[in-house]
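Residue numbers (numbering that gives the first Met the number 0), protein chains in the order written: chain A, 0 to 264; chain B, 0 to 348.
By construction, these hints were calculated from the structure, which means they are not laboratory data. Since the structure is predicted, the reported quantities are computational estimates derived from the model, not experimental observations. A couple of the hints might just be wrong.
Think about it this way: if two alpha-carbon atoms lie no more than 20 Å apart in a straight line, the pair counts; the simulated DMTMM-like pairs of lysine to aspartate or glutamate are [to be verified]: (1) Lys155/A to Glu188/A; (2) Lys51/A to Asp242/B; (3) Lys217/A to Glu188/A; (4) Lys247/B to Asp202/A; (5) Lys51/A to Glu184/B; (6) Lys51/A to Glu27/A; (7) Lys217/A to Glu234/A; (8) Lys4/A to Glu218/A; (9) Lys217/A to Glu169/A.
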Amino acid sequence: MIRVKGLSYYAGGKKLLDGISCVIRPGELTVILGPNGAGKSTLLRLLSGERKPDEGQVLFNETVLYSLSPRQLALRRAVLGQQYTMSLPFTCEEVVMMGRYPHYRDQPDSRDHAIVAEALSALGAGHLSRRLFNTLSGGEQQRVQLARVLAQLEEKDVKEAMSRFLLLDEPTANMDYLHQQICLRRAREFCRRGQTVVMVLHDLNLAAQLADRLLVLKEGRLVAEGGPRQLLGVEFIRDVYGLEAKIFYPEPGGFPVVITNLQSC
Amino acid sequence: MKKYGVRGLLILLLIVSLLVAAGMGAMVIRPIQVVAILLNKLGWSVASDSYTPAMSAVLLQIRLPRICLAVLTGSGLAIAGASLQGLFRNPLVDPGLIGISSGASLAAVAVIVLFSVLSPTGGLQGHYLLNLGTFCGACLSSILVFRFSRVEGKTMVATLLLAGLAINALCNALTGLITYTANNEQLRSISFWLMGSLGGATWTTVSSLLPFVVLPVWLLPREGRALNAYALGEMEALHTGVDIRWLKFRILLLATLSVGATVAVCGIIGFVGLIVPHILRSWTGSDHRRLLINSALAGAILLTLADVVSRTVIAPAELPIGIVTALLGTPVFIVLLYKQKKNLYNHNI
């Protein structure tokens with residue numbers, strides 16, 4: 000469980016995050032929404048332990064996140080960023096194996112190799128394993144990177160099992176429709192195994208389809224939180240994005256579908 | 000299979016090139032004679048009628064120190080090049096191109112003139128003082144170029160090369176300025192050493208270089224895994240558990256230690272750090288866990304053979320070894336530049 004307490008963060012004299020408090024539970028897929036510049040990526044950076052907050056604290060299972068060493072942290076959480084450029088030629092297999100680095104000392108064992116192969120094929124990227132990473136398309140690169148972070152959180156045996164969390168910053172940005180769905184499904188499967196998953200998404204419909212819980216940021220503040228059915232409404236979209244939209248429920252009891260009005264912006 | 004085969008092959012090639020280097024020159028010594036001389040020297044009596052005493056003297060006093068110097072310099076420069084490329088995340092980086100060598104060289108000239116340390120003939124203490132000076136010079140220029148070329152944790156290739164150019168130009172100008180104030184004796188030792196040559200090899204110079212190359216060659220390969228993760232990006236390395244500040248510090252320290260010490264002894268020998276990792280990458284991939292140690296081996300081979308070329312091709316005169324490595328290295332550099340250009344183009348679309 001991630002417990003965020005009064006988190007504030009300043010950069011260049013500007014308050015990027017302003018007193019954010021929330022609780023993110025395991026097994027409950029959490030999606031951060033909000034317009035550009037709302038502080039979504041900054042919040043993710045603080046949750047990853049990459050930056051320290053100016054005020055407030057982040058606790059993971061009651062341990063202060065910033066008291067953990069990089070390696071201890073790496074065994075507990077993985078992060079998928081938005082974009083990767085590699086100018087040194089590594090194969091995809093090698094890239095995914097980098098996710099296993101915190102787990103072994105000298106040489107990866109057969110279990111590590113198996114985890115890498117599974118992670119790649121689970122994202123429909125098994126055929127890419129021998130290809131050089133920097134020759135792939137943007138969407139393929141993103142899938143390989145997702146395989147890497149999923150491999151990082153795979154435990155070696157049940158003894159070392161601990162609860163872990165996964166942070167994804169717009170994981171589907173460059174992907175085609177099929178692979179968007181595959182990736183989000185893998186993230187949800189990971190979550191359903193009792194782990195914590197937080198992701199930033201822009202697409203309200205993907206968020207509605209996938210999320211158990213939404214955190215909505217605007218101008219560095221947490222303005223709303225709750226389930227998609229509860230939150231996504233005409234008023235809400237007007238408030239947060241300044242857009243007119245219609246909400247449909249294609250299946251009774253299912254997830255909402257948002258259709259925006261192009262004339263309203 | 001290929002991973003380990005390559006290392007075995009490199010060790011074999013190194014032994015062969017050592018025997019070739021020991022045997023070639025004005026006096027030809029056959030490999031079997033080389034082995035016999037060495038065994039006798041080590042105290043195992045082998046029939047000594049197969050070689051003349053002159054052969055033994057030439058091998059032990061002239062060729063062997065020179066070969067040792069070539070091996071140390073080659074492996075030191077190559078492993079420094081490979082690890083700096085990992086740190087800058089760019090295969091174009093070479094200690095000579097980005098100004099580290101010229102920073103070291105400037106410091107060496109300053110030490111020679113200010114402290115009157117006569118590098119080729121001075122004792123071990125003088126050499127260590129010179130090493131210290133070049134290390135400081137190398138450190139300073141590598142920190143400068145590292146700071147300059149990076150924007151938000153990413154290395155800007157154009158800025159990197161321009162910063163290297165600027166540091167090279169500045170260091171050369173200052174070196175010229177100091178040379179201008181030097182007296183005759185100092186001038187002779189400066190110019191001897193600025194040419195970039197293994198000609199000054201004695202057992203003293205070899206032992207002055209030894210610790211500064213052995214240490215990086217021993218310690219740098221341990222950073223292989225962290226450097227691999229670093230290739231993903233600085234933050235990504237952090238996320239996979241690498242202490243990045245500590246990593247950067249150690250790589251810069253060890254790489255400049257070895258570059259500084261080789262410059263102190265042999266002057267600037269360019270492109271070794273560029274060619275060797277480039278060839279190995281296209282052969283065995285970028286994994287630094289293999290690349291670094293293989294680079295050290297291949298660098299030793301390259302410089303040993305380049306030295307054979309430099310002292311035999313226009314014998315009895317000597318071609319400066321820097322010319323040989325530059326002739327090999329510039330085409331490689333152009334190929335790399337061309338590849339990067341294509342990459343940049345693809346990214347912009």
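Results for each hint:
Restraint check for Lys155/A and Glu188/A: the C-alpha separation of about 18 Å stays at or below 20 Å, so the hint holds. Our distance criterion of 20 Å between C-alpha atoms is met by Lys51/A and Asp242/B, whose separation comes to about 15 Å. With a CA separation close to 29 Å, the supplied pair Lys217/A and Glu188/A exceeds the 20 Å bound. Taken as a hint, the Lys247/B and Asp202/A pair is broken in the structure, with Cα atoms around 38 Å apart against an allowance of 20 Å.
As the CA atoms of Lys51/A and Glu184/B are separated by approximately 58 Å, the hinted pair breaks the 20 Å bound. Distance hint between Lys51/A and Glu27/A is unfulfilled; the C-alpha atoms sit about 25 Å from each other, more than 20 Å. Proposed proximity of Lys217/A and Glu234/A is supported: the alpha carbons are some 15 Å apart, at most 20 Å. Between Lys4/A and Glu218/A the alpha-carbon distance is near 18 Å, which keeps this suggested pair within the 20 Å criterion.
For a cut-off of 20 Å, the pair hint linking Lys217/A to Glu169/A stands: about 17 Å separates their Cα positions.
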